[in-house]
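Asks: Please put together the full structure from these sequences, using the hints given.
FYI, the numbering for the sequence shown is 1 to 143, going by my numbering.
There could be a bad hint or two in this list.
Claimed, not checked - Straight line, CA to CA, 20 Å or less: simulated EDC-like cross-link-like pairs of lysine to aspartate or glutamate:
(1) 106 - 46
(2) 106 - 40
(3) 68 - 25
(4) 94 - 110
(5) 82 - 123
(6) 49 - 10
(7) 15 - 25
(8) 2 - 50
(9) 98 - 114
(10) 107 - 40
(11) 107 - 46
(12) 35 - 25
(13) 94 - 47
(14) 106 - 39
(15) 82 - 126
(16) 106 - 10
(17) 2 - 40
(18) 49 - 39
(19) 82 - 131
(20) 49 - 25
(21) 106 - 47
(22) 35 - 78
(23) 68 - 110
Note that these hints are calculated values from the structure, not bench results.
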Amino acid sequence: MKERLMMRADELHRKAALLSNALADFDDDDVVGRKRAVDEILAIREEWKDVRYEIETGQQRRKMPEPKPTNITGGLSDAEIKVELQRIRTNISKYTDKLAERPDHKKSDEWQSELDRLIGLREAYEAELADRRYTQAGKNEES
1 MKERLMMRAD ELHRKAALLS NALADFDDDD VVGRKRAVDE ILAIREEWKD
51 VRYEIETGQQ RRKMPEPKPT NITGGLSDAE IKVELQRIRT NISKYTDKLA
101 ERPDHKKSDE WQSELDRLIG LREAYEAELA DRRYTQAGKN EES
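Replies: Here's what the structure looks like:
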């Protein structure tokens, strides 16, 4: 395991060094190209630090974020569902705007995934509310 991590650290170091050397090949006025290369170098260096930390301590450097829920939360009242729906709709609007304004942004794939997740949650909560209304309407007719 440790040997595999050391090989990964060497590979990352080599990749960052090659990118760093490639910075000299950019035109002086190619700020966008250089920025992309520098961002990639920084991301590689962070991954390298993670691997080195794991080699030295046997533990991960930073915990992976908790996955965001993809299913609706049970046991909510109608009012709580409506509040959650409003929050979700606001976030859907924000992510839609972000993607429209900056479709080539480096996080656009993350934004699209989050947007898809939120749309799924919105549809599930709306279906839950509709089911409750239908069930309630059926109970009212029986009375």
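Asks: Kindly indicate which numbered hints from before are broken by the structure, ordering the numbers from low to high.
Replies: 3, 13, 16, 17, 20, 22
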